[in-house]
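Those protein sequences? They're chains H and A, same order as listed.
FYI, this note's numbering numbers position 189 of the first sequence as 189, with every residue one higher than the one before it.
FYI, this note's numbering numbers position 41 of the second sequence as 359, with every residue one higher than the one before it.
Zero decoy hints are in this set.
When the alpha-carbon atoms are kept at most 25 Å apart in a straight line, the in silico DMTMM-like pairs for lysine to aspartate or glutamate are as follows:
hint	chain 1	residue 1	chain 2	residue 2
1	A	LYS391	H	GLU187
2	H	LYS174	A	GLU353
3	A	LYS354	A	GLU389
4	H	LYS194	A	GLU388
5	A	LYS354	H	ASP173
6	A	LYS354	H	GLU283
7	A	LYS354	H	ASP195
8	A	LYS320	H	ASP173
Stretches of chain H that chain A covers, calculated by requiring three or more beta carbons in the stretch to come under 8 Å of a beta carbon on chain A:
hint	segment
9	55–65
10	79–88
11	160–173
12	186–195
These are calculated hints, taken from the structure and not from any lab test.
Where is the CB? At the ideal position from N, CA and C, for every residue including glycine.
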Amino acid sequence: MLRLFTIFADLVTYRWLGLEPGAHLAGAVHFFIEDTTKIFFLLATIIFFVAIVRSFFSPERTRRFLSDRRLIAGHMLAAALGVVTPFCSCSACPLFIGFVEAGIPLGVTFSFLISSPMVNEVALILLFGLFGWKIAALYLFTGLAVAMVAGLIIGRLNMERFVADYVWKVRMDKAEMPEMRWQERLEYARVYVKDIIGRIWLYVLGGIAVGALVHGYVPQGFLLSWAGPSNPFAVPVAVVLGVPLYSNAAGIIPVVQALMSKGLPLGTTLAFMMAVTALSFPEMVILSQVLKRRLIATFVGTVTVSIITVGYVFNAIM
Amino acid sequence: MKIEILGPGCPRCKALEANARQAASELGIADAEFEKVTDMGRIVGYGVMSTPGIVVDGILKGSGRLFPVEEIKALLQKG
Numbered sequence: 001m002l003r004l005f006t007i008f009a010d011l012v013t014y015r016w017l018g019l020e021p022g023a024h025l026a027g028a029v030h031f032f033i034e035d036t037t038k039i040f041f042l043l044a045t046i047i048f049f050v051a052i053v054r055s056f057f058s059p060e061r062t063r064r065f066l067s068d069r070r071l072i073a074g075h076m077l078a079a080a081l082g083v084v085t086p087f088c089s090c091s092a093c094p095l096f097i098g099f100v101e102a103g104i105p106l107g108v109t110f111s112f113l114i115s116s117p118m119v120n121e122v123a124l125i126l127l128f129g130l131f132g133w134k135i136a137a138l139y140l141f142t143g144l145a146v147a148m149v150a151g152l153i154i155g156r157l158n159m160e161r162f163v164a165d166y167v168w169k170v171r172m173d174k175a176e177m178p179e180m181r182w183q184e185r186l187e188y189a190r191v192y193v194k195d196i197i198g199r200i201w202l203y204v205l206g207g208i209a210v211g212a213l214v215h216g217y218v219p220q221g222f223l224l225s226w227a228g229p230s231n232p233f234a235v236p237v238a239v240v241l242g243v244p245l246y247s248n249a250a251g252i253i254p255v256v257q258a259l260m261s262k263g264l265p266l267g268t269t270l271a272f273m274m275a276v277t278a279l280s281f282p283e284m285v286i287l288s289q290v291l292k293r294r295l296i297a298t299f300v301g302t303v304t305v306s307i308i309t310v311g312y313v314f315n316a317i318m
Numbered sequence: 319m320k321i322e323i324l325g326p327g328c329p330r331c332k333a334l335e336a337n338a339r340q341a342a343s344e345l346g347i348a349d350a351e352f353e354k355v356t357d358m359g360r361i362v363g364y365g366v367m368s369t370p371g372i373v374v375d376g377i378l379k380g381s382g383r384l385f386p387v388e389e390i391k392a393l394l395q396k397g
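Produce the complete structure using the sequences and hints provided.
See below:
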């Protein structure tokens, strides 16, 4: 079905605009038209269905699910629920306190907090639309693995004393939320799509435009010379570069896709994208309301090391 | 009537407060008193884990999404 967008881009680029196939400009224009139409179509349709699914998974319900799990099963479930539970970084604190109050182990809580932003639907849709389902699936499963392992490690370090003291004193009321009716779920999904696309459309357009230029004008194999497998520092450098780009995650992925087609190795690509989505400065500032500095540093350090490992492993085996 | 808006001050919390004010004025509730609750302990104390939330006269009415004006009107009328 996605062929449709290639055919449409062919039609516009070669027929209507009369550009010569193979020329730099034609390559860039074709990339831009195909990707913008495809990505916005995917975003609008898939996010709608994701939102319907999410309307069944409130954080309150996820908390109940996790409260009586322990260890490995808890980490796995937490990472998986991180994907489907609605979450925005502005809710990170109440969510964290709620989990702790329910007696969910600290490490399990972190598995959730890591997977939730990293394996988000916008990133997965963009990966699927631009890279294909194999890379999207690879990202999904390695993302879940990073969330589980990093959570397990943080859990083992017994860092409970580095949680802000007041967190342990909060007692939660039982919130009896009425189930949403179907009409409300559809409305919720509609608002959700509007909200997300309204927030990211400019970044996506910008990202695809830059990606189009890279695609049309940067020579094949250009990146191999300095970011290829022969450079052992490429992965850590990519991860460090990725962290400040958080708010533009939607705009980064099209650029990265273009870079990968010019020789950026898969492991470096994955590590870079995970760093962009998983670690963000604003979220750390928000979390500093509930975590002491040492625990935030451990959190960032553990996730960084896990992501770098993913990069090296995939560069070595692919 | 006391209406509390729970949230750390994110854009959606501000939008929810605007909707709640509009709902109250459309219903002609003259004694509506608004309070923005940003204290995490109090927010979670109500049982809320995803912001924004809305509390009417000390009872949590909803959380986790931006309620439209019509829905808030229905919440306020139920008392």
